[in-house]
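A.B. asks: Below are the chains, spelled out letter by letter.
2 protein chains.
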Amino acid sequence: MQENKIGKQTFVFHNEPNIIGAAAVVGKKEGQGPMSKWFDVILKEDTYGEKTWEKSESKILKKAILLALQNSGKTKEELDTILSGDLINQLMSSSFMARDLQIPFLGLYGACSTMTESLILGAVLIDGGYAKNIVAAASSHYCTAERQFRMPLEHGNQRPPSAQWTVTGAGSMILSNQIRDGEQMIGGEPAKNLVVTHATVGKIVDAGIKDANQMGAAMAPATVDTIFQHLKDTGREASYYDVILSGDLGIVGKQIVIDLLKKENINLDAVYDDCGVMIFNKDQDVHSGGSGCGCSASIFSGHIFKEMRQGKIKKALLISTGALLSTISSQQGESIPGIAHAVAVEGR
Amino acid sequence: MQENKIGKQTFVFHNEPNIIGAAAVVGKKEGQGPMSKWFDVILKEDTYGEKTWEKSESKILKKAILLALQNSGKTKEELDTILSGDLINQLMSSSFMARDLQIPFLGLYGACSTMTESLILGAVLIDGGYAKNIVAAASSHYCTAERQFRMPLEHGNQRPPSAQWTVTGAGSMILSNQIRDGEQMIGGEPAKNLVVTHATVGKIVDAGIKDANQMGAAMAPATVDTIFQHLKDTGREASYYDVILSGDLGIVGKQIVIDLLKKENINLDAVYDDCGVMIFNKDQDVHSGGSGCGCSASIFSGHIFKEMRQGKIKKALLISTGALLSTISSQQGESIPGIAHAVAVEGR
Numbered sequence: 001m002q003e004n005k006i007g008k009q010t011f012v013f014h015n016e017p018n019i020i021g022a023a024a025v026v027g028k029k030e031g032q033g034p035m036s037k038w039f040d041v042i043l044k045e046d047t048y049g050e051k052t053w054e055k056s057e058s059k060i061l062k063k064a065i066l067l068a069l070q071n072s073g074k075t076k077e078e079l080d081t082i083l084s085g086d087l088i089n090q091l092m093s094s095s096f097m098a099r100d101l102q103i104p105f106l107g108l109y110g111a112c113s114t115m116t117e118s119l120i121l122g123a124v125l126i127d128g129g130y131a132k133n134i135v136a137a138a139s140s141h142y143c144t145a146e147r148q149f150r151m152p153l154e155h156g157n158q159r160p161p162s163a164q165w166t167v168t169g170a171g172s173m174i175l176s177n178q179i180r181d182g183e184q185m186i187g188g189e190p191a192k193n194l195v196v197t198h199a200t201v202g203k204i205v206d207a208g209i210k211d212a213n214q215m216g217a218a219m220a221p222a223t224v225d226t227i228f229q230h231l232k233d234t235g236r237e238a239s240y241y242d243v244i245l246s247g248d249l250g251i252v253g254k255q256i257v258i259d260l261l262k263k264e265n266i267n268l269d270a271v272y273d274d275c276g277v278m279i280f281n282k283d284q285d286v287h288s289g290g291s292g293c294g295c296s297a298s299i300f301s302g303h304i305f306k307e308m309r310q311g312k313i314k315k316a317l318l319i320s321t322g323a324l325l326s327t328i329s330s331q332q333g334e335s336i337p338g339i340a341h342a343v344a345v346e347g348r
Numbered sequence: 001m002q003e004n005k006i007g008k009q010t011f012v013f014h015n016e017p018n019i020i021g022a023a024a025v026v027g028k029k030e031g032q033g034p035m036s037k038w039f040d041v042i043l044k045e046d047t048y049g050e051k052t053w054e055k056s057e058s059k060i061l062k063k064a065i066l067l068a069l070q071n072s073g074k075t076k077e078e079l080d081t082i083l084s085g086d087l088i089n090q091l092m093s094s095s096f097m098a099r100d101l102q103i104p105f106l107g108l109y110g111a112c113s114t115m116t117e118s119l120i121l122g123a124v125l126i127d128g129g130y131a132k133n134i135v136a137a138a139s140s141h142y143c144t145a146e147r148q149f150r151m152p153l154e155h156g157n158q159r160p161p162s163a164q165w166t167v168t169g170a171g172s173m174i175l176s177n178q179i180r181d182g183e184q185m186i187g188g189e190p191a192k193n194l195v196v197t198h199a200t201v202g203k204i205v206d207a208g209i210k211d212a213n214q215m216g217a218a219m220a221p222a223t224v225d226t227i228f229q230h231l232k233d234t235g236r237e238a239s240y241y242d243v244i245l246s247g248d249l250g251i252v253g254k255q256i257v258i259d260l261l262k263k264e265n266i267n268l269d270a271v272y273d274d275c276g277v278m279i280f281n282k283d284q285d286v287h288s289g290g291s292g293c294g295c296s297a298s299i300f301s302g303h304i305f306k307e308m309r310q311g312k313i314k315k316a317l318l319i320s321t322g323a324l325l326s327t328i329s330s331q332q333g334e335s336i337p338g339i340a341h342a343v344a345v346e347g348r
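Chains A and B, in that order, are what the protein sequence lines are.
This note's numbering numbers the first residue of the first sequence as 1 and each following residue consecutively.
This note's numbering numbers the first residue of the second sequence as 1 and each following residue consecutively.
From the structure, some residues in chain A lie toward chain B, with a derived Cβ separation under 8 Å:
1) 124
2) 129
3) 130
4) 326
No lab work stands behind these hints: they were computed from the structure.
Every residue, glycine too, gets a C-beta built ideally from N, C-alpha and C.
Please model the entire structure based on the sequences and the hints provided.
C.D. replies: Shown next as structure tokens:
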């Protein structure tokens, strides 16, 4: 049997699963931010024509999957499995999307780390020969998350400066055991093929933080743990990557990651950014930045996917980051467990 | 690349991941039922010494994992990843278990189908060479489920005859790329080695049922779909298996499965049973039977695992079954999507 693991926590994908299609669908506010031009669809209004926020989110996720599929040149019938998750109790967005699409479904919950969780398991299924074409996806919605985790929107409660704004959006990627049929041209050049080369499964790190408005700080230590482990397992320097992106630590959490890694003599400055910091402008009144599964999902499926296809980014490491709290665990006085999974993607 | 898929929805595990350890921990009521002698631990009282039901459930899950590990002859340090899920919002039981154990963690949500979801992905990771030792687990607790999905326990509401009783319990299995170190003797005979040979990933089937007290009926069509697809993909007759077990359809759902398959000329009578029917006696006042992730998890990790080790059961097909509803989706008038995943296990 071939060994596909190196170090303590890292998978190696020797068959290099291809990311042959991707799409990002986001809400109005996200479409007014600096990443605007990279999104495939920007909603005119966040209900997306549905009567409930949960159904809106499910429709956004479905749209991202169908667009990624179209973009990949594959048909729905060629898909083996959907791997997807979201923040809503019992994965309502993903479950109802999968009911509509009628494709075998594996539901995942990793809070906001879900995009890399679905990418990792999707890459495993392709790389190992268990599937030919896979959907890896994740979504979130400001209004479903606020209702479920915080206050009714109508309450209009104040948010501290460390609070983050849940991204309304979904990202989806199609992973395949073959490269995309037919060469695509981008700006007069043949588009690069994207492949998943490595993945590092994170373990839970609990920094003891109990304040649900300090998610960035709660998740930062898990992020550092996973970056550190990834570099150790692969024997790479941070500078191996053109871009290292954490999921949704926001302004506060991003700085903590930089500081903590500096102590380990790892300098990320040149290549590191955080999707939660990138997705909104400072004047959009989102305090510490964006959050939610849809944050890293839409940035990677939009901006990073397209830049890599153009060859402008060659090597990227995505570390989606999750805070595994619930309203019940908070009420019971528990601190917030953080987790982060890393996926390495390269252009060929 | 080796093809590890047959038919439309079925994985083949050519390297045959070994189930080298298993354990089932259940509550007091489950311990008074007909499966009593097969469980590894029966709690004296369902709080398990914790102050909240959620923490009790998390402790039950952790206990099942640690016992399975002990049973497998491996150490915590040899484990690569934990795959686990439960019914509590944001997987509180699994997340806090994984925080305590400090092992890389992938959270899964498939409602009561979670035991086979974790077994499938665990088998993929072992079979594909991505891990050497994996935990696949799932849990549920009557009191956490009632509080979250139904009524406060203190309310003492009446339950219709079709309602099921959520099992307090957890099951855990250790999957490994090697057989168990050292031969074990059971009843004077060397214990059989258990291997996972196939798995069928289910798609969602929604029968249009909206009554949350009709879970068995809501999940039965998905169960039938997955059994049918599994037999078709593998080219097997139902009689290939000594035992075919659905997860938690209860008395009502079990009969629907038998009836629906008869229409397709598939006769399951001789080999088929349902974990939800098996786990309680009729006089235990549980109406249609047991339910919850912990139902099929504890029956398989207890009864079936031990009977297979003794060679009394040679070939088993477990189909854990999930109802992917949430309280929100019900309030929004949605019907209950069902899903079922199948895993084939054989003694060698």
